[in-house]
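First to last, the protein sequences are chains P, A and V. First residue of the first sequence? That's 1 in the numbering used here, and the numbers climb one at a time after it. First residue of the second sequence? That's 1 in the numbering used here, and the numbers climb one at a time after it. First residue of the third sequence? That's 1 in the numbering used here, and the numbers climb one at a time after it.
Watch out, some of these pointers could steer you wrong.
[Said to hold, decoys possible] Taking lysine-lysine pairs in the DSSO-like style, the calculated list, with each CA pair at most 30 angstroms apart, reads: (1) V:Lys113 / A:Lys156; (2) V:Lys27 / V:Lys13; (3) V:Lys193 / A:Lys56; (4) V:Lys213 / A:Lys56; (5) A:Lys56 / V:Lys233; (6) A:Lys115 / V:Lys117.
Derived from the structure by calculation, the hints contain no laboratory data.
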Amino acid sequence: MSDDVMAEIHRDYLFNLILKGERDDGRAFDEFRDITIETGVAGMAEGSALVTLGDTQILVGIKIQPGEPFPDTPDVGVIITNTELIPMASPDYEAGPPRETAIEIARVVDRGIRESKAIDLEKLCMVKGEKVWIIFIDIHVLNNGGNIIDAASIGSIAALLSTTLPAERYGLGEDSPLPVRDIPVAVTAIEFGGELLLDPSLEEGKLAGTVYTVITNSDGSISGMQKSGAEPLTIDQVMRVVEMAGTAAAKIREKFLEV
Amino acid sequence: MDDSSIPLPEGQGITNDTAGNTADNNATNDSDTFVLPGDFIGTTEEFRAGAQTYEKTGGVYAAITGTVRVNTARRLVSVIPCTDTPPVLERGDVVIGQIVGLRDSLAMVTIAGAKGVVDREIPNVGSAVVHVSNVKRAYVKDIAHEFGIFDILKAKIIDLNNMRLDTSEPEMGVMKALCSNCRTAMVRHDSKLKCPECGRIETRKLATGYGTGII
Amino acid sequence: MSEKPEHFIVDGKRLDGRSVDELRPIKIELSPLDRADGSCYLEWGRNKIMAAVYGPRELHPRHRQNMTKAVVQYRYNMAAFSVDDRIRPGHSRRSIEISKVGRDAFEYVVFTKFFPKTAVDIFIEVLQADAGTRTAGINAASLALADAGIPMRGLVSACAVGKVDGEIVLDLMKEEDNFGEADVPIAMTAGGKITHLQMDGNLTKEEFYEALKLAKIGCDKVYKLQRQALIEKYNGEYAENGEDAMPQARIGDADE
Numbered sequence: 001m002s003d004d005v006m007a008e009i010h011r012d013y014l015f016n017l018i019l020k021g022e023r024d025d026g027r028a029f030d031e032f033r034d035i036t037i038e039t040g041v042a043g044m045a046e047g048s049a050l051v052t053l054g055d056t057q058i059l060v061g062i063k064i065q066p067g068e069p070f071p072d073t074p075d076v077g078v079i080i081t082n083t084e085l086i087p088m089a090s091p092d093y094e095a096g097p098p099r100e101t102a103i104e105i106a107r108v109v110d111r112g113i114r115e116s117k118a119i120d121l122e123k124l125c126m127v128k129g130e131k132v133w134i135i136f137i138d139i140h141v142l143n144n145g146g147n148i149i150d151a152a153s154i155g156s157i158a159a160l161l162s163t164t165l166p167a168e169r170y171g172l173g174e175d176s177p178l179p180v181r182d183i184p185v186a187v188t189a190i191e192f193g194g195e196l197l198l199d200p201s202l203e204e205g206k207l208a209g210t211v212y213t214v215i216t217n218s219d220g221s222i223s224g225m226q227k228s229g230a231e232p233l234t235i236d237q238v239m240r241v242v243e244m245a246g247t248a249a250a251k252i253r254e255k256f257l258e259v
Numbered sequence: 001m002d003d004s005s006i007p008l009p010e011g012q013g014i015t016n017d018t019a020g021n022t023a024d025n026n027a028t029n030d031s032d033t034f035v036l037p038g039d040f041i042g043t044t045e046e047f048r049a050g051a052q053t054y055e056k057t058g059g060v061y062a063a064i065t066g067t068v069r070v071n072t073a074r075r076l077v078s079v080i081p082c083t084d085t086p087p088v089l090e091r092g093d094v095v096i097g098q099i100v101g102l103r104d105s106l107a108m109v110t111i112a113g114a115k116g117v118v119d120r121e122i123p124n125v126g127s128a129v130v131h132v133s134n135v136k137r138a139y140v141k142d143i144a145h146e147f148g149i150f151d152i153l154k155a156k157i158i159d160l161n162n163m164r165l166d167t168s169e170p171e172m173g174v175m176k177a178l179c180s181n182c183r184t185a186m187v188r189h190d191s192k193l194k195c196p197e198c199g200r201i202e203t204r205k206l207a208t209g210y211g212t213g214i215i
Numbered sequence: 001m002s003e004k005p006e007h008f009i010v011d012g013k014r015l016d017g018r019s020v021d022e023l024r025p026i027k028i029e030l031s032p033l034d035r036a037d038g039s040c041y042l043e044w045g046r047n048k049i050m051a052a053v054y055g056p057r058e059l060h061p062r063h064r065q066n067m068t069k070a071v072v073q074y075r076y077n078m079a080a081f082s083v084d085d086r087i088r089p090g091h092s093r094r095s096i097e098i099s100k101v102g103r104d105a106f107e108y109v110v111f112t113k114f115f116p117k118t119a120v121d122i123f124i125e126v127l128q129a130d131a132g133t134r135t136a137g138i139n140a141a142s143l144a145l146a147d148a149g150i151p152m153r154g155l156v157s158a159c160a161v162g163k164v165d166g167e168i169v170l171d172l173m174k175e176e177d178n179f180g181e182a183d184v185p186i187a188m189t190a191g192g193k194i195t196h197l198q199m200d201g202n203l204t205k206e207e208f209y210e211a212l213k214l215a216k217i218g219c220d221k222v223y224k225l226q227r228q229a230l231i232e233k234y235n236g237e238y239a240e241n242g243e244d245a246m247p248q249a250r251i252g253d254a255d256e
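Bound conformation, chain P alone (with noise of 0.2 angstroms):
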């Protein structure tokens, strides 16, 4: 309620300034806040890799298992990606089951790195219709300053790629680098003023009346969209905004071969 009421005043004060072209931090609308990726900080999981952006800071984690195949994927491996927007990371977030935020990141972050069939699933699958290698990628975001689904996704392919098979610890040979062929990028933009823009930090995206999140891979292609909250779209603005995300995402695939 009181969080609304600010928000309400803040509103006004960032219109103004998308009135003479200008963001809140400096940043140009196509641009991207400071990202940093750090791989292999939580020792326990097979991959993981600490995303910041800006101010949001998210951990990403990757178990792997053996298991059974989905019946009607028997020679596949399977991917489970779950999100916890646990309440350290923001005052407004409460504990308890996922709610359908948390739920959302996950589906769309998943159809990224599924549709892009960055992971080679037939490659998990040891024997057809028995035994196959389940990959659990579980986001958790210790820190919302805005824009989680962007963070999420690089986080969670950053730590895939820093994965190992434990094959070893389950007696099923040796242990081998997870197979990752492509790296699927989130760029997200709101609407706000008759304007795109890229990236929305916390404040922004608290305005926004629409999330538009493109996914697109390395050749340029998509794999992945979500547009989120109840004010429309035109057919000119979903145009411009998979242009600025095709950009966008090769600076940012640029940052992996740093890690």
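Chains A and V: place on chain P using the hints.
Quick look at chains A and V alone, frame taken from chain P:
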């Protein structure tokens, strides 16, 4: 720990500061004594416990992390925080609130935040009132000409106990108002407000920063 | 899972090379999170713990509000990937118990009477678990509370003591925790007021008293590190030369 206390260096620390000064010294000294919660500051014979300190078994102790301030005249010690602390409203503070009720001579306001308080909840902040005599410097015949329900106000605290606010200064007053006809945010038009949707004109005690979002 | 070693102590050295009264290395970072009102990241051996504090803030639901004081809430949670076998996210009976006694460890030190009707929320996230996550969590929480500027009687410091190979040892590592004869996590104020005490295993009365003495030594060591971290963060002027260069009041707390 019990027996690991470090002796005060010569000429420094709170005990020595005051030992040489008598009560005729009126000054308030910010000493450079840095303390953590639980640190012993002095005895209750020397001092009374002021802000962010507490008394226990004859001693005055720090309750937070900061530096010691001594008011030698009043024999009062307090700790000036070095950390962020839970915000506390004081007389003269500028607050943002929403009008939730209008009476003949009063506007009821729910306080939402305060100038200078960023990203931290103000504990136990609740409702406040603006009396008709504190709306503006000129005579107000009808408070409904100055405020509307759900308006967002910027106001100054003039009485903390009864939580009374004042909007008579030019920077104080309505920061954002919705059209009473169609609930669209109204736009400033000279000294009045105009609804960009339905064209309705309304009057308010406007803050100079109406519509800017600058607190 | 590793197997039980034949000996835990050889020539006075433990499996990781420590002596019986030695702590694992501790690393502390204050205020790593900007949303929380106070926060602390703490590494203790291979444990990685994040603690955050929010409040005092409005407590929901209202019927849980106390008209005379703040309610301290403590949530201990393990990340799914913090242990060898992935754990399902959400509360377990274990995490609920640890949260409960964690809250108890702080109710005495926080000046709750200054903030009636509110909640002081303490959140502990175990990102990587070795042994002793609950005591590591308490140490991090204590610093996060100080970082949030919440008035307190003093810091709380915690460590575990236990028994392996018939000897009382400080700060159990994983193998000692899993296969040892006793585990006693303890938290206390600098003045020695015990705010948290659990015991699991088998000890004679004499062994327990010895363990208690060793726990005090361990908590003192932890307390010094907590002090140092706060000084380095908030009193940079003196941090370079260490605490000794600082003009200062007597350390300790009111409960001596």
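Note to self: Against the 30 angstroms threshold, does the CA-CA distance of Lys113 of chain V and Lys156 of chain A hold or violate the hint?
What the structure shows: The hint holds at about 28 angstroms.
Notebook entry, point to check: Are the Cα atoms of Lys115 of chain A and Lys117 of chain V separated by 30 angstroms or less?
Noted result: Given that 30 angstroms is the threshold and the Cα spacing comes to 24 angstroms, the pair holds.
Note to self: Next pair to validate is Lys213 of chain V with Lys56 of chain A; report whether the Cα-Cα distance is within 30 angstroms.
What the structure shows: Roughly 25 angstroms between the alpha carbons, so the hint for Lys213 of chain V and Lys56 of chain A holds.
Check: Is the Cα-Cα distance between Lys193 of chain V and Lys56 of chain A 30 angstroms or less?
Finding: Holds - the C-alpha atoms of Lys56 of chain A and Lys193 of chain V are around 14 angstroms apart, at most 30 angstroms.
Checklist line | Pair hint Lys27 of chain V and Lys13 of chain V, alpha-carbon separation not exceeding 30 angstroms | finding: holds (23 angstroms)
Next item on the list: Take a quick look at whether Lys56 of chain A and Lys233 of chain V sit within 30 angstroms of each other, Cα to Cα.
Entry: holds (28 angstroms)
Violated hints: none; the structure is consistent with every hint.
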